[in-house]
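S.K.: Below, each chain spelled out in residue letters.
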Amino acid sequence: MNSTNTPTAPPSGVALDRPSYLHDGYGWKSWLLTKDHKRIAILYLISITAFFALGGIFAMLIRLELLTPEGDLVQAATYNRLFTMHGVIMVFFFLVPSIPATLGNFFVPLMIGAKDLAFPRINLLSWYIYVLGGCFTLWALIHGGVDTGWTFYTPFSTHYSNGYVVSTAIGVFIAGFSSILTGLNFIVTIHRMRAPGMTWFRLPLFIWSHYATSLIMILGTPVIAVTLMMVAVERTLNLGLFDPRLGGDPILFQHLFWFYSHPAVYIMVLPGMGVISELIAAFSRKRVFGYSVVAFSSMGIAVLGFLVWGHHLFLTGESVYAATVFSLLSMLVAVPSAIKVFNWTATLYEGSVSYETPMLYALGFIGLFTIGGLTGVMIATLGIDLHLHDTYFIIAHFHYVMVGGTIMAFMGGLHYWWPKMTGKLYPVFASRLSALLIFVGFNLTFFPQFILGYLGMPRRYWEYPPEFQVWNVLSTAGASVLGVGYVLPLCYFLYSLFYGKQAGANPWGVKGLEWETTSPPPTYNFDYPVVVTEEAYDYAPAARREAHIA
Amino acid sequence: MHSVTGGHARLQHHFDDLDQQREASTFGMWVFLCTEILFFGGLFTAYVIYRQRFHGVFAQASHELNVTLGATNTAVLICSSLTMALSIWAAQIGKRKLTVLFLLITMALGLTFLGIKTVEYSEKGVPFGIDALTHLTKHHLVPGPSFHYPCPPGEPCHPEQAEVFFSLYFCMTGLHALHMVVGVGLLSYLLVPSWRGRFTAEWHNPLECIGLYWHFVDIVWIFLFPLLYLIGAH
Amino acid sequence: MRSLPFFPEEATATAREVDAMFGVWLAISLFFTLLIAVLIVVFMVRYRRRRPDDVGTPHEAWWLEVIWSAVPLFIMLGMFAWGARLFFVQHKAPPDAVQYWATGKQWMWKFEHPNGNREINHLHVPTGQTVKLTMTSEDVIHAFGVPAFRLKQDVNPGAYTSVWFRPTRVGTYHLFCDQYCGAEHSRMVGSIVVMTPEDYAAWLAGGPAGGQAPVAVGAQLFQSLACYTCHEMGPGWMARGPSLQGVYGHQVPLEGGGMVLADDAYLRESILLPAAKVVKGWQPIMPTYQGQINEEQLIDLISYLKSLGGAPAMGTGAVNPPGSSSPSSGGPAGSMPSASGPTK
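Chains as they are written, first to last, in this note's numbering: chain R, 1 to 550; chain G, 1 to 234; chain U, 1 to 344.
A few of these clues could be false.
[Stated by the list, open to error] Non-contacting residues of chain U with respect to chain G, defined by C-beta distances greater than 10 Å in every case (computed):
1. Gly23
2. Thr33
3. Ile36
4. Lys92
5. Gln223
[As the list claims (entries may be wrong)] Listed next, with one range per pair, are the computed distances between beta-carbon atoms:
6. U/Leu4 to R/Gln75: 28 to 38 Å
7. R/Val531 to G/Ala85: 38 to 48 Å
8. U/Val41 to R/Phe296: 24 to 34 Å
9. U/Trp282 to G/Gln52: 18 to 28 Å
10. U/Gly249 to R/Ala50: 57 to 67 Å
11. U/Trp62 to R/Val303: 18 to 28 Å
Derived from the structure by calculation, the hints contain no laboratory data. Built from N, CA and C at the ideal position, the CB exists for glycine as well.
In isolation and in its complexed conformation, chain R is listed as follows (with noise of 0.2 Å):
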């Protein structure tokens, strides 16, 4: 389908001069010294499939130990230094980083009709820095990993954990820079570097929630930097700081820790909500219902994140007006995501709907997100967490909105713009096959765990009593299913790039400033100068299309 925005730009399709960025210098030092935000969200991807690899390893053997109810397979210091590595590692080295440092590093500045991100250096800075702290946690896992949890609870990561705490926190806090600086280069670009005519209510959706992910960014991460700091001197020079026995308050550090770690949720989900905006868009063909209002409720995320850490602890001893305040909080940062599954759902609504595989990502990020949504408000409600808290309803709450949620959003945003980046297509069948064994996979493994936990078994238990197995057995075999589900991309993507077929540059027909140019795009992204004239998802009926492409 031809769609133009400006009368200079070429057809779709035409083999251009200029070599795509794939093919703009080989060897090491072009990719490893790369200035082209492609080529380090490409970076990026490997790194965090990694991650992503090793986090799900541990999980399997999560699963595995827990088929019985006594811990038979590995021992209760492994078991835990498990469950604190897969959350270490998923939460701050593949999740927090996933969208926006491959798919928003790539498409940001595609999407504003920019050649780059403002500091391309910078970018590339961001990614050694991902990688020098993943070399830190690495070590502390070689060396044994760490037995605190991802939630590094003082006193007992101060004081007591005979595991590598301070490695593994310096890890984690080199990262955190890594995100720091890719919020920073979000915002700057997003300000300052929109081609003429794309004005901030042109801005596809996918950009208005990275620019409300990078404010999250900017302006949490650096809290939870200085919190591990802490920590760790805390840890190497016996301070007092969270120890109550020299002075100190363990739940000042928990407060400190989650002024971060709940907008950091915020900062795993709100580039998923963007991927799914577009992707909604594109495959109903149609300007997504409530554009303006779903931009906001991005932002009112974002700053509402920021009030409502206080619900992870409920039940430290909290005054009891501060926890009534939180789970006011709580509940209003829901609305806006309400908000934002109505318009989504409405958006279908006379739309031209197909169900190419990124739609069934799409479509089964809205039932799940709705389902972990709605089990958020649950335990937000006040009487109902002195029940649930730190029990496996609080896991499968989390897994609903963090893998039924942002990780489905992800393998959406990756099939979708996969042509795009590599300029192969990958084959449909078993992209169908994958969708499908994820969505059912992942419900099996954690719809069990919301009775789990009303029925009381508690978080972090490597034993637990028998009239618990049968849950726990049906999670294991759903997580084998999930496991499956989330290799066979890695097959058919890999397969793609040998031996896939040649993509055009708008394989889906549909309307956005990165199917203007080539797939895969040269290395300053458009061979034209980029004037934007329409406004966002403006999907023209036939007969107006031709009138304005004379």
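Given the coordinates of chain R, work out where chains G and U should sit on it, guided by the hints.
M.R.: The following block gives chains G and U in isolation, referenced to the frame of chain R:
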């Protein structure tokens, strides 16, 4: 972040014009400084909470700090901000030697600050030495196994609470000193291009951005000084 | 075939309310999830692309936006209010609660009955009695969780937290440590054994050797740690410290301005860090007992102080001298087995 090569080659490939590049760089530095506010903010939060809980002991422990050295350091930093601004002014009027001179003075003042800090951490009057019987260290005021705080008789006091004060003191001033070291490093990075006359009225953005960073580090100290040194001072 | 477990037993009245609240949320969630699912399926089928060039028709409807913002908001506010109300109720023990104590440490629970009986990992209580359990940790943060009661609370070092419950059903219910606390976290489990009042009385009499009631031990500590040399207890005392008669539960004026409520945490802090809050008009001369007194002794001392006349009927348990077989029924403050304090 910014290029220091000469001529219009300073314009980086992905920017449309020098104006856009300058605005983006400056905006980027402001965003970075916001993150730094939150970074120090975590420590300031801990400080506020513990000070409110242990206000008596914090006031007493604060008297162990050397107000004279602290005040001198404050003056040193304020002057260094002035010389930093002057170095930018000198670039704007095209005086490259003056630019370099003011940069060097700023760096010297920064190093003076760090030296005084070392003395504070060490014995009074004795420069940094490997075998230093250090002042704060000498009086066992560094938190850790050798910490010992003599509670004044008749005053409400607990040594653990004083240890919390000194933990925060060392963390906050230590983090600030680290930022100063980075700042001095950044200034040295500007020396060669300044000497070569790369900064002109038309383009001196790197000076401005690093100047912003320097002023920020100065402002952090202006908060640290009264909060740590002047509690309960008359 | 054994039935699949979905819900734990409900062993208190509060548990029932929690389940009701959860049931309402479940219904609401089911409704909205099904609504979205059905709408999606219907739209996907009805508006599926028929020709390759088809596009959708954009719409706008501000009234829809308002509705689907306001409706979820009101529902959530309603549930919030219900949940907050229950939380306030669960936070403060009723006046007829009988005081029990718990200490968590890696990796066991130590319980103390009001009459001095001690238990490890298992707590026997009678139906119909309101139990207030005040807890602290000797090392890291633990959490006390009983799914059948639908309640849980973190157990922190250096501080007191508490829960209260009134069991309604005889049975043995899981007790879990719910905050990760180290290697044997999943083995820091036990049970709450709820018995009929008659069985409980029999258990108290014939069960594990009870020690003295905490109040009694506390009275002895008050002597042996020489607290009486500064704080009153009889005629002719040298006033070097404020009176502790009836101190518990009242506001105490502090040196330097301000008032503080004399609760368990205040008493504990005053013993370990006496200079933290100095009572108005007194010198900060009290030495600290940090390192000379462990958590259980603190519990004993605090129980004693709470029993000193004038305190509201928080219940110190034993009406009878220690070691007797009569159960406590949570009445007003009991008599003092020893020490020279006035009896209520």
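S.K.: Next step is simple, just say for each hint if it's right about the structure.
M.R.: These are the hints, each one checked on the structure:
no.	hint	result
1	Gly23	40 Å, holds
2	Thr33	37 Å, holds
3	Ile36	37 Å, holds
4	Lys92	24 Å, holds
5	Gln223	26 Å, holds
6	U/Leu4 to R/Gln75: 28 to 38 Å	31 Å, holds
7	R/Val531 to G/Ala85: 38 to 48 Å	40 Å, holds
8	U/Val41 to R/Phe296: 24 to 34 Å	29 Å, holds
9	U/Trp282 to G/Gln52: 18 to 28 Å	22 Å, holds
10	U/Gly249 to R/Ala50: 57 to 67 Å	60 Å, holds
11	U/Trp62 to R/Val303: 18 to 28 Å	22 Å, holds
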